[in-house]
Amino acid sequence: MPSLLKRTFKKHISVGGRGGEKNEISNHVSSDVLAKAQKSIGANLGRVAKKLYKDKPQDGEKFVTEALARIKTSTDPVEASKTSDLVVEAIVENIGVKHKLDEAVPAHTIFASNTSSLSINDIASVVKRKDKFGGLHFFNPVPVMRLLEVVKGAETSEATYKSMMDKTCITCKDTPGFVVNRLLVPYVCEAIRLFERGDASARDIDIAMKLGAGYPMGPLELADYVGLDTNKFILDGSHKKYPDQQLFKPILLLDKLVAESKLGVKSGEGFYKYEKK
Numbered sequence: 001m002p003s004l005l006k007r008t009f010k011k012h013i014s015v016g017g018r019g020g021e022k023n024e025i026s027n028h029v030s031s032d033v034l035a036k037a038q039k040s041i042g043a044n045l046g047r048v049a050k051k052l053y054k055d056k057p058q059d060g061e062k063f064v065t066e067a068l069a070r071i072k073t074s075t076d077p078v079e080a081s082k083t084s085d086l087v088v089e090a091i092v093e094n095i096g097v098k099h100k101l102d103e104a105v106p107a108h109t110i111f112a113s114n115t116s117s118l119s120i121n122d123i124a125s126v127v128k129r130k131d132k133f134g135g136l137h138f139f140n141p142v143p144v145m146r147l148l149e150v151v152k153g154a155e156t157s158e159a160t161y162k163s164m165m166d167k168t169c170i171t172c173k174d175t176p177g178f179v180v181n182r183l184l185v186p187y188v189c190e191a192i193r194l195f196e197r198g199d200a201s202a203r204d205i206d207i208a209m210k211l212g213a214g215y216p217m218g219p220l221e222l223a224d225y226v227g228l229d230t231n232k233f234i235l236d237g238s239h240k241k242y243p244d245q246q247l248f249k250p251i252l253l254l255d256k257l258v259a260e261s262k263l264g265v266k267s268g269e270g271f272y273k274y275e276k277k
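Numbering (UniProt numbering), first residue to last: 1 to 277.
Treat each hint with caution, since some may be false.
As the list claims (entries may be wrong) - With a straight-line cut-off of 27 Å between C-alpha atoms, the simulated BS3-like cross-links for lysine-lysine are:
(1) Lys232 <-> Lys256
(2) Lys266 <-> Lys36
(3) Lys82 <-> Lys36
(4) Lys36 <-> Lys51
(5) Lys100 <-> Lys128
(6) Lys232 <-> Lys173
(7) Lys128 <-> Lys173
(8) Lys36 <-> Lys50
(9) Lys39 <-> Lys56
(10) Lys39 <-> Lys72
(11) Lys82 <-> Lys56
Rather than coming from a laboratory, the hints here were simulated on the basis of the structure.
Throw the hints in and build the complete structure from the sequences for me.
Written as structure tokens, this is what we have:
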């Protein structure tokens with residue numbers, strides 16, 4: 001895997017999680033799960049390569065091959081993280097499960113969360129390395145998107161904070177959604193409501209925002225890419241926290257699509273249909 005923090009971390013980076021599926025940290029994850037994860041990683045890297053190497057497909061293939069060669073999968077979180085300088089968790093949004101991963105990680109290791117919806121301080125309350133814990137919020141596709149939100153918890157040490165920064169970084173308080181998602185979630189949700197009302201087609205909504213606002217992806221394309229189940233999870237969490245805010249009001253169409261397992265790119269259909277590879 002290309003080191004996202006290569007100037008700071010000389011040894012290993014471990015990433016815990018397998019996409020949008022609700023896995024728990026366990027020593028008993030099946031080999032089938034790892035095979036699916038490896039296939040998913042390869043597909044995602046392929047999409048990234050197309051963006052990075054539009055005019056040089058051979059370089060894109062080399063990028064994918066070399067990246068996959070650097071990735072090792074494991075069913076044992078202790079073994080996978082024992083030599084890691086940094087562990088980034090991108091697992092299910094459940095504080096108890098994140099605590100299990102913290103227990104498996106060596107004491108010297110910086111432990112970071114890529115959470116989209118939970119409070120960094122709430123997660124820090126159940127980890128043993130409060131001074132070595134913080135938030136690293138990446139954006140898809142990670143090798144292409146230059147922004148990284150670095151979130152300090154109340155007890156994150158200055159040394160840990162400085163070690164976590166290596167992209168174009170912004171700092172923000174531990175507030176719901178941080179900066180990007182606090183703005184992005186209402187934006188995507190309003191696009192879904194626009195489509196739900198029949199005010200415009202999905203294609204026209206996306207074209208309008210790409211050509212009119214200069215966004216690289218339209219809001220409904222982005223929702224499909226992230227996963228409609230993930231969008232619903234974040235929206236539901238925001239609504240629970242701020243029940244009086246209309247911005248976070250539940251969306252019947254989103255609920256319906258998720259109930260029908262139309263989750264976007266990963267399921268083959270969301271607001272658009274996709275070819276399964």
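The hints, checked one at a time:
Simply put, Lys232 and Lys256 have alpha-carbon atoms about 10 Å apart, close enough for the 27 Å limit, and the pair holds. For the hint linking Lys266 to Lys36, the alpha-carbon distance of about 12 Å falls within 27 Å, and the restraint holds. For a cut-off of 27 Å, the pair hint linking Lys82 to Lys36 stands: about 24 Å separates their Cα positions. Restraint check for Lys36 and Lys51: satisfied, since their Cα atoms lie roughly 23 Å apart, inside the 27 Å limit.
The straight-line distance between the Cα atoms of Lys100 and Lys128 is roughly 11 Å, inside the 27 Å bound, and the hint therefore holds. A threshold of 27 Å between alpha carbons decides the hint, and for Lys232 with Lys173 the separation of about 24 Å falls inside it, so the pair holds. For the given pair, Lys128 sits about 21 Å from Lys173 by alpha-carbon distance, which is consistent with the 27 Å threshold. At most 27 Å may separate the alpha-carbon atoms for a hinted pair to count; Lys36 and Lys50 meet this at roughly 21 Å.
Proposed proximity of Lys39 and Lys56 is supported: the alpha carbons are some 23 Å apart, at most 27 Å. Distance check on the hinted pair: Lys39 and Lys72 sit about 13 Å apart at the alpha-carbon level, within 27 Å; holds. Between Lys82 and Lys56, the direct Cα distance comes to roughly 38 Å. Violation of the 27 Å bound is thereby established for this hinted pair.
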